[in-house]
Every structure is written in C-alpha cells, then in structure tokens.
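These protein sequence lines map, in sequence, to chains A and B. Each residue of the first sequence is one higher than the one before, starting from 49 at the first, in the working numbering. Each residue of the second sequence is one higher than the one before, starting from 7 at the first, in the working numbering.
Keep in mind the hints are simulated off the structure, nothing from the lab. A portion of the hints provided could be inaccurate.
[As the list claims (entries may be wrong)] Chain B is faced by these chain A residues, among others (derived, beta-carbon under 7 Å):
1) Asp61
2) Lys62
3) Arg67
4) Thr70
5) Lys71
6) Gly73
7) Leu135
8) Lys140
9) Glu157
10) Leu160
11) Arg161
12) His163
13) Val165
14) Thr166
15) Gly170
[To be verified] A short list of chain B residues far from chain A (calculated; beta carbon distances all over 10 Å):
16) Leu172
17) Gln269
18) Gly275
19) Pro316
20) Gly340
21) Leu374
22) Leu390
Virtual Cβ for every residue (Gly too), placed ideally from N, Cα, C.
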Amino acid sequence: MPEELEIIRDLLDKQLVDREETKMGRADGIVLALDGDGPPRIDRLELGFVVLARRMHPKVEKWFEALRRRWSVRKSARQMVPWSKVLDITPKHIQLDVNALETPAFDWERWLRDHIVTKIPGANGE
Amino acid sequence: MKKALTLALGILTSVGGFFDVGNIATCTQAGARFRFQLIWAMLLATIVVIFLVEMSGRFAAVTGKALPDAIREHFGFGFWLVPFVILTLIHILVIAAEIGGMSFALHLVTGLPLPLFALPSAILVWLFLWRSTFSAIENSTSFLGLITLCFVAAAVWLRPPIHEVLRGSLPSMPSGSAANYWYIAVSIVGAVIAPFLFYFFSSGAVEVGWDRSYIPVNRAVAVIGMGFGSVISIAAIIVAGAVLAPRGIRVDDFHQAALMLTQAFPHWGFALFAVSMGVACFGAAVEVALSTSYTFAQTFGWNWGEDLDPAEDARFTLVYTVSLFVGSLFVLVGFDPLKLTLLTMFISAAVLPFVAAPMLLLMNDRMLLRDASNGIISNIAAALIVVMTLVLAVVSIPLAVMGGS
Chain A
49 MPEELEIIRD LLDKQLVDRE ETKMGRADGI VLALDGDGPP RIDRLELGFV VLARRMHPKV
109 EKWFEALRRR WSVRKSARQM VPWSKVLDIT PKHIQLDVNA LETPAFDWER WLRDHIVTKI
169 PGANGE
Chain B
7 MKKALTLALG ILTSVGGFFD VGNIATCTQA GARFRFQLIW AMLLATIVVI FLVEMSGRFA
67 AVTGKALPDA IREHFGFGFW LVPFVILTLI HILVIAAEIG GMSFALHLVT GLPLPLFALP
127 SAILVWLFLW RSTFSAIENS TSFLGLITLC FVAAAVWLRP PIHEVLRGSL PSMPSGSAAN
187 YWYIAVSIVG AVIAPFLFYF FSSGAVEVGW DRSYIPVNRA VAVIGMGFGS VISIAAIIVA
247 GAVLAPRGIR VDDFHQAALM LTQAFPHWGF ALFAVSMGVA CFGAAVEVAL STSYTFAQTF
307 GWNWGEDLDP AEDARFTLVY TVSLFVGSLF VLVGFDPLKL TLLTMFISAA VLPFVAAPML
367 LLMNDRMLLR DASNGIISNI AAALIVVMTL VLAVVSIPLA VMGGS
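Please put together the full structure from these sequences, using the hints given.
And the structure:
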C-alpha cells in the first residue's frame, strides 16, 4: 500500500478487483465523510452506471434510475464498498476484500449468464 | 521460440486491421484512377501505423494495461465518454462494412444476391469468437491471411514499370482531378490508421501476457506485421494501376475490382480475389468485434478475455454478439458495401485526434512507463502524427463532399 495517494490520479476510475483478482468494475465514485472538526476521510467507493451518470448530469442520473427500476436486474443502483474493505492499491488495480460473484457488481453478469449465455451450446467450452 | 511465434499477433492485427475491406476499396480506387501515383500515401500511412502500433504494444507490455483501460483511468470518464460513444458507432459501422465485404465475396462465388449472406457471415464470425481462444484466432487468421499474398504475386508477374512505381513513392501533384486525388489520399490514410487497431493490439498483448521482456519483440512485430499489410496493399495499388487504369475502369463498385487478378491468373484470378477478400474481411470482422468487446469491458471494468469461456464473461460476449448482429443489419437492408466502407473511413479519420492525442500523453507519462516511455524519435513522430490527424480530421468531411465522385 503506498504511503500517499492522490484521490483523482490514484483512485478515481481505477480498476477494482476482488480477493481472487476477478475484475469487478471501476471506482466510479469516491465519497468523503466530514465528521466533527477532524480532516475529511474516505468513507467509501461507489460503483454503478447511476454513479457515472451522476458525474455527467443529475438528469442523466434520474434516467438511469428510472431505467433500473423498469428492468431491475440489479438489487441496488449503486454499490457501496466501505474503505475498510480495501486490501491493496497497486499501479494496476485496487484490491477489495470481497467476493465479486456475490456483489451487485455481478448482478448483470450473473443474469446474462444464467438467462442467455449458458442457454447457447458451447458456453462452457466443453 | 515462444516469442518468435508472437509474430502471429502482428500478422493477425495486420490481416484484420490493415488489409481489410477499407484497404481493398481505397487501393483499387487509387490504382484505377491514378495508377501508381498514390503509393506514397500508403507508405506514409504505414510509417504512422508502425509507430502507433509499436507504442500501443510497448504500453501494454510495460503497464499490463490496454489503451481503453488506461485512457479511462488517466483522463477520467468525462474525457473518455465522447470518444467512447463515437468509437462504438465506428466499430459497428466497420463491422457492417466487413460483413458487407464477406457477403460480397460469397456473392461473387455463388452469384446469389449479396444481402442473403449478411446473417450467415455474421454468424460465422460469431461462432468463431464463441468457440475459440485468443491464440487459436491469432494463428488461424494469420495463416489464412497468407492467401492475400496472391496480390503480391500478381504485382510481380505484371512487371509494372519500376521507375513509375518509384516515382509514385514520393508525393507529386495529381495528373487528374485534384479533389479526387486528395480524397483518395485521405481515404488511404484513414483506412490504414483505424482507431480500433491500437485498442485491439494492446488488448491482444495483454491477453497473451506480454511483459517488459517483450519490448524488442513488440518492435519487430509492429514493423513486420504492419509491413506485411503494407506490402499487400501496395501490391493491390500496383495491380489495379496496371490492370484497371489502362482500361479506364473506375472502381465505383466492388464488381469492377473483382477483375483485377484475372490478367495475372486467368483461370482462378476471380476466385482468388473472392477468397482474399472473404478472408481479409473475416479477419477484420473478428478483430473489430473483439475490439468492441475489449473497449466496453475495459471502459466499465468488467471481467474480460477471449480466453475465458463465454459463461465466465457474459457481458464481454454479449457486446460482440450484439455488434455483429446490428452490423449485419446494414448489409441485410441493402447498404452498398463500398459506400458503407468509404463513409466509415471518413468518420474514423475525423476522430483520429481523440485516439492519437491521449496516446501521445500516456506514452510520455514517466510515472507509468518509467524508462520505457517515449524517446525523442517516437515523440517527434507522435507529435507529427497528432498534427497530421488534426489536419485529416478537418479536411475529411469537406473532401468527402467534394471529391467523393
């Protein structure tokens, strides 16, 4: 873990991987917490299309929210990963202490796999 | 030995990205209208593409990251969003053009209507991607691509006047319509420097696991792989210049181009052209479809890799499936493959600065590349390339309007 980090250069938009180094999205948002008089601290990383949409425009965020409610494959629009789950930060990626397959980041992947991809012969490479 | 075999990546990139439907269109038009006079444009494009491919491979070897990945990470989502959307449209248009090329080849061989082959061609490409691993794709496509060497054989057999060919290697003022001359010159450069080439090559280098020790290999692969595509393209210009130009055949339709090999190979020239075109477009469709998936997966941080089974990266698989389907629709509804190709090339020439400029910046980021960042020669080349892409971007649209006929 490096001693100093620049939030934008070293954290934002960076590849996130789980314990097994499975790629599970990017750091689409970073949320700081201000409590009391102390310096701000990083509270959590956020992932998801809605988080990206919010970076563009609040309207776009609303559209994405509406779309998600219409086809709610994902349980929640934004996935929040508390900073305490960060295992390691390397030049290549940020490693999180989670199992990607169990997180909302894989909801779509899982849905597509179960409903479409594995229905087609040859999907498991046999 | 393993490193020597990686040459296949270069040849694959070249067969797919260099000599494809775009090049067949522009090279035959160049030869048919201006004989050997536009060879210089191909040489210029080759030098540019060698530099850019070398840089994207070196970047991947040192950082373990492909370009779309690095661009989002370093310039942020806001910067990447617009080029990403435009590139996705280009990807789909190029897929459409390549499927058009494959369908045209099948139409030539069978005589059946071209749109009939749109879906079968797309399904063929899709099946290949669905079942294969990256190295299988790499090796089989580069092996099949060797068929395009028949253009070189034809060019040698036709014994073109050497002094004229050499004179064409240097830029000169056009002998005919100036607007048309520059239009074809720009489309040659636009056809060769396709944006997806660099995204594909760097993603491929990550897939096959290049590391720093591959930097010299990468250089050789860039020169030999792109050189391969260039030699074939120049041969196509020469053949078209020697065969089509004297008969006053202007290539307004791929049917006219199909005759160019029959002088050198009377019996099977027609079939050779069809097979070469089919193989080149197939390779390109595979490459572009993969490139679309790479770009999506890396932009959003999904799990990606052609070596994974489709069940392991469902979203990656979905992207190429949908793009191939949408691309084939253009051909199915009857868009002319040649017009589709030319349109696509001009749009991609217009977005080249978005591809070249971030690359130049990344290649000079010493925090990322340390001692492997660009040297003085690469930087001069890259700066000139960025200026050139800006000029191309500005002139491409007006030229397309003025010189397109």
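We went through each hint and held it up to the structure:
no. : hint   : in the structure
1   : Asp61  : holds (5 Å)
2   : Lys62  : holds (6 Å)
3   : Arg67  : violated (14 Å)
4   : Thr70  : holds (6 Å)
5   : Lys71  : holds (5 Å)
6   : Gly73  : holds (4 Å)
7   : Leu135 : violated (17 Å)
8   : Lys140 : holds (6 Å)
9   : Glu157 : holds (5 Å)
10  : Leu160 : holds (4 Å)
11  : Arg161 : holds (4 Å)
12  : His163 : violated (9 Å)
13  : Val165 : holds (4 Å)
14  : Thr166 : holds (5 Å)
15  : Gly170 : holds (6 Å)
16  : Leu172 : holds (48 Å)
17  : Gln269 : holds (44 Å)
18  : Gly275 : holds (38 Å)
19  : Pro316 : violated (4 Å)
20  : Gly340 : holds (29 Å)
21  : Leu374 : violated (7 Å)
22  : Leu390 : holds (29 Å)
The structure does not agree with the numbered hints 3, 7, 12, 19 and 21 stated previously, though it agrees with the rest.
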